[in-house]
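Undergrad: Fit chain B to the given chain A structure using the hints.
Listed here are the chains, written in short residue letters.
2 protein chains.
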Amino acid sequence: MAEQPDRGHRMREVFQTQLQEVQVRLVEMAEDTVRIMEKATKAFTESNVQLADEAIAIADQTGNKALALDELVIRILAKQSPVARDLRILVSALRISASLERMGALSGHIAAIARYRFPGSAIPAALHSTFVEMGSLDVELGRKCVQLLRNTDVDFAREIQAEDARVDELHRHVFDVVLSDDWNENAMFTVDVTLASRYHERFADHVVDISAKVSYLTTGEWNEQE
Amino acid sequence: MAEQPDRGHRMREVFQTQLQEVQVRLVEMAEDTVRIMEKATKAFTESNVQLADEAIAIADQTGNKALALDELVIRILAKQSPVARDLRILVSALRISASLERMGALSGHIAAIARYRFPGSAIPAALHSTFVEMGSLDVELGRKCVQLLRNTDVDFAREIQAEDARVDELHRHVFDVVLSDDWNENAMFTVDVTLASRYHERFADHVVDISAKVSYLTTGEWNEQE
Numbered sequence: 001m002a003e004q005p006d007r008g009h010r011m012r013e014v015f016q017t018q019l020q021e022v023q024v025r026l027v028e029m030a031e032d033t034v035r036i037m038e039k040a041t042k043a044f045t046e047s048n049v050q051l052a053d054e055a056i057a058i059a060d061q062t063g064n065k066a067l068a069l070d071e072l073v074i075r076i077l078a079k080q081s082p083v084a085r086d087l088r089i090l091v092s093a094l095r096i097s098a099s100l101e102r103m104g105a106l107s108g109h110i111a112a113i114a115r116y117r118f119p120g121s122a123i124p125a126a127l128h129s130t131f132v133e134m135g136s137l138d139v140e141l142g143r144k145c146v147q148l149l150r151n152t153d154v155d156f157a158r159e160i161q162a163e164d165a166r167v168d169e170l171h172r173h174v175f176d177v178v179l180s181d182d183w184n185e186n187a188m189f190t191v192d193v194t195l196a197s198r199y200h201e202r203f204a205d206h207v208v209d210i211s212a213k214v215s216y217l218t219t220g221e222w223n224e225q226e
Numbered sequence: 001m002a003e004q005p006d007r008g009h010r011m012r013e014v015f016q017t018q019l020q021e022v023q024v025r026l027v028e029m030a031e032d033t034v035r036i037m038e039k040a041t042k043a044f045t046e047s048n049v050q051l052a053d054e055a056i057a058i059a060d061q062t063g064n065k066a067l068a069l070d071e072l073v074i075r076i077l078a079k080q081s082p083v084a085r086d087l088r089i090l091v092s093a094l095r096i097s098a099s100l101e102r103m104g105a106l107s108g109h110i111a112a113i114a115r116y117r118f119p120g121s122a123i124p125a126a127l128h129s130t131f132v133e134m135g136s137l138d139v140e141l142g143r144k145c146v147q148l149l150r151n152t153d154v155d156f157a158r159e160i161q162a163e164d165a166r167v168d169e170l171h172r173h174v175f176d177v178v179l180s181d182d183w184n185e186n187a188m189f190t191v192d193v194t195l196a197s198r199y200h201e202r203f204a205d206h207v208v209d210i211s212a213k214v215s216y217l218t219t220g221e222w223n224e225q226e
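Residue numbers (my numbering), protein chains in the order written: chain A, 1 to 226; chain B, 1 to 226.
Pulled out of the complex, with its shape left as it was, chain A reads as follows:
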């Protein structure tokens, strides 16, 4: 009776299918953050209230998607009691889903500013091109995050980890402009660009965090001996 090996083999197959399901859902969440950021940055830089509403509608669902994914991960942990790399993948999935949820919220906040100021603009002319670039960098980083979650390639993960430098630079540039003597905009613009710049920067931070987790998964010193 080769029942035991068969059952073990079947358990392993079930587990692989479950891991794939986790990966598919992470990719979907990452795709959502790209969709939200694409719409949010257009809404913000072009005062487009319809796109803002669409961004906010998708952002409103990310919390539930993260919750559902976390529940799936916990169910797998309970059923399969994975160790070593399998366990690391699942714990990383929990952290990555938390980052993706925050990315959805942050890009939703950018859309909310645009919506709040409509039909006016939330950005004065002096910073328009800066925010166009920041938004496009965040969308690009979001797309790379999708790709990374699909291929989990460690070199690609390392590459992405340096890519928020330009976003950080633009974030500092926003403050330089706002704090310069030439800045004569009202406080509303100052508040809006301060927060929007912060949200863009945090979005990029989370992509870097996710990349670091994927690197760690592949290369990290993992020691389950105490």
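Any given hint might turn out to be false.
A pair counts as met if it fits within one copy or between any two copies, since identical chains are not told apart.
Stated by the list, open to error - Pairs of lysine-lysine, DSS-like flavour, derived with a Cα cap of 27 Å:
| id | residue 1 | residue 2 |
| --- | --- | --- |
| 1 | K79 | K213 |
| 2 | K213 | K65 |
| 3 | K144 | K79 |
No lab work stands behind these hints: they were computed from the structure.
All values derive from a computational prediction rather than experimental measurement.
TA: Frame of chain A; chain B shown alone:
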């Protein structure tokens, strides 16, 4: 030979000791966030650069403490393969440590603003009392978070979940003041109070998130059947 039950009993004892260790470390991290916020709010409202430095020094350690705690949790998951409530406690510990890490970073950011503006003040007179109250509410919430992680009392957890309402109100008040016709401060003040207010609000959010997790641990529908 009653070896098996003995071993099971011993495993259970080891597990309880490990869970206690996780709890002790979470409490320590929460105590750190209180210490950071106490120093940061004083630094920020009284332009005290020494307290700002002390706050930043503690905040700099929170990342490593969170990492060490997460590693401990992963080791326990690998060794003990817990299910049901035990598994939930450990997964919640991962999430709570992430929130505590962010709370340390956010209060550190408040101290960093104070340090950056020293010897000047980062807050104009019109908002001084608002930030004194916000800071003191955050410290109070932090202390309740410490207490909650010690006693994990579900009624207390529910009580805390409503307590960020006043912080949210003060956060909105900051914007009302900044966007009113009476606000004639320079852009530097506008930027500083906008970000500081956001950091205070997010700190309180995380306490609410932690309370929600503790409630869920005690009352949540937990179903490990698929």
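Undergrad: Taking the hints in turn, state whether each one holds.
TA: Hint-by-hint comparison with the structure:
1. K79 to K213: Classified as both: same-chain Cα gap 24 Å, cross-chain 22 Å, threshold 27 Å.
2. K213 to K65: both (20 Å within a copy, 17 Å between copies)
3. K144 to K79: This pair counts as neither: shortest intra-copy Cα distance 32 Å, inter-copy 35 Å.
Of the numbered hints given earlier, the model fails hint 3 alone.
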